[in-house]
Amino acid sequence: MSPRTVADPRTVADPRTAAAPRTAAAPRTVAVTGLGLVTPAGNGPDAVWAHFLGAGPTARPDPELDGLAVDFSCRLADFEPPALLGGRLARRLDRFSQMAVVAARQAVADAGLDPAEWDGDRVGVVLGVSANSVHTYPVEYARLAEGRADRVSPLMLPRSIPNMAAGEVSLDLGARGPGLVVSTACASGTSALALGRDLIASGTCDLVLAGGTDSPRTRMTCVAFDRLGALSRRRHDPAGASRPFDADRDGFVLGEGAGVLLLEHPEHARARGARPRAHLVGHGASSDAHHFTAPHPGGDGLARAVRAALADAGLAPEEIGHINAHGTGTALNDPAEAAALRQVFRRPPPVTANKSVIGHTMGAAGAIEAALTVLALQHRLVPPTANLDRLDDAIGLDVVTKVPRPVDVPTALSVSSGFGGQNAAVVLTAA
Amino acid sequence: MPSTYETIRACLVDEFDVSPAVVTPDATLASLALDSLALVELSLVVEERIGVTVADITPDRTLGELAAHAEATLAKESAS
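Here the protein sequences come in this chain order: A and B.
Counted from 1, the first sequence has number 419 at position 419 by my numbering; the numbering is strictly sequential.
Here my numbering runs 1000 ahead of the position in the second sequence, where the first position is 1.
If you are wondering where the hints come from, they were derived from the structure by calculation, not from laboratory data.
Hints may contain errors.
Claimed, not checked - Simulated coverage check for chain B against chain A, where a stretch passes if three residues somewhere in it have a Cβ under 8 Å from a Cβ of chain A:
hint, segment
1, 1014-1022
2, 1043-1053
As the list claims (entries may be wrong) - Quick list of simulated restraints, FRET-style, between CB atoms:
hint, chain 1, residue 1, chain 2, residue 2, range
3, A, H379, B, D1017, 33 to 43 Å
4, A, E117, B, L1037, 26 to 36 Å
5, B, T1053, A, R272, 47 to 57 Å
6, B, T1073, A, G56, 49 to 59 Å
7, A, S287, B, A1033, 43 to 53 Å
8, A, G298, B, R1049, 52 to 62 Å
9, B, T1073, A, D237, 51 to 61 Å
10, B, T1073, A, T204, 46 to 56 Å
Cβ atoms here follow ideal geometry from the backbone N, Cα and C, with glycine treated the same way.
Same shape as in the complex, but just chain A (with noise of 0.2 Å):
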């Protein structure tokens, strides 16, 4: 075989600085200047913080559950497409592109951006997306199993497929850069959060609307999940229902939302004056290779992604001062969890977890979760974990539960894990 001849790099032009000189060289860290959140817990990052610090969970009996053996959620207090997308849009969409379109306009606004004014070519959109159109299947479905074919909606399959999270906000704001859709179940919205890193880091775009929207509150999601033995059964007390890393606790409860953070390249952020919320330094993520559902029971696979998120963002594990954790809930995952950060931390720093207040959203879990991070990591403040009444011996970790914690030290670390064994973390330091 003859040998191929290889260029050396060192000679040829980059492509990527020959057509985009606009900013300099990429960087591993980018800034993140701008938050949108569509939560249980409420709209916008000052709503949701305000929530997190002290309001506790809200898991309530669920009309569209009605009869379910599980018949209680975390769902959309006050959340109004029709008023907030126009009609057409929101007949249009899906109710995990509505969130995203919404959420994605406010991490926009709180960046003090214009989408008029900016160069569209240079951002992309980035979304974690797990059960994507669970809404639209079944009201398409039932009418053609009435024989009614002529009533199927043309728009079923432009709502339903799950990429139109990403193309909607793009169309919505004129991001006109890469649009994608990235799915390793509930650790999506982690992951996207790393693949808009990389598209700054690489030089492709300036700016990333980056983060994860779901809403898996339907009912055949509902039962799959229970015929699954995931879900808390706690119909007697929903609010207490969604108890990670309590000893009594029997499953995560669903939830839907979601989660943008407006990823932006620090050069880019500095020659227009933003004052970024936060920095993101790193990522990792790593598959457990063990089981299709159940996570590696000594947290290998999650601890592989949390010490390459370290090792990227160039930390030791002392340097981190919290850790937002996957925390659903489940018998599973909360101690292989553990298992995972102490494997890591000789002392893991103090742990919350976010599915207490507002259930499992899915694919936009990670991103809510990073959101609220940079909001721990603005205020210097952990938020408790509702429901945390008894620790279970298996856990050891320090978890931050009633009332807020101050924390000093300004990096802090976010984890997800999804089925399929999929493990993704990301680090953050204050601005």
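For chain A, the structure is supplied; the task is to place chain B on it using the hints.
Frame of chain A, contents of chain B only:
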């Protein structure tokens, strides 16, 4: 109960963000800048609201003609 025309008018304004100023009985669907997908969606919404199938909506029809067509279909169905 609102007239069929009023129901169609409300659909266009509330669900399709068409300006109330341009929604008149003489306006054609084409003049409202609704694309072909929107017309199919409109037919589904009208069917939900009025209870009759108006699948053969074409862009050259006026809103008045559409309402008359829906009412005639409704009358035929209730007579049969």
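Comparing the hints with the structure gives:
1. With a threshold of 8 Å between beta carbons, the proposed coverage of the segment 1014-1022 of chain B by chain A holds, since 4 of its residues qualify and at least three are required.
2. Coverage of the segment 1043-1053 of chain B by chain A holds in this model, with 3 residues showing a Cβ closer than 8 Å to a Cβ of that chain against a need of three.
3. Separation of H379/A from D1017/B is about 39 Å and conforms to the stated range, judged on CB atoms against 33 to 43 Å.
4. A C-beta distance of roughly 31 Å is found between E117/A and L1037/B, which places it inside the suggested range of 26 to 36 Å.
5. In this structure the supplied range 47 to 57 Å holds for T1053/B paired with R272/A, their Cβ-Cβ distance being about 54 Å.
6. Remark: the range hint 49 to 59 Å for T1073/B to G56/A is upheld by a beta-carbon distance near 54 Å.
7. Here the CB-CB span from S287/A to A1033/B is close to 49 Å, well matched to the stated 43 to 53 Å.
8. Between G298/A and R1049/B the CB atoms are about 58 Å apart, so this pair conforms to the stated range of 52 to 62 Å.
9. Take T1073/B and D237/A: their Cβ atoms lie about 52 Å apart, and the range 51 to 61 Å holds.
10. The hinted range of 46 to 56 Å is satisfied by T1073/B and T204/A, whose Cβ atoms lie roughly 54 Å apart.
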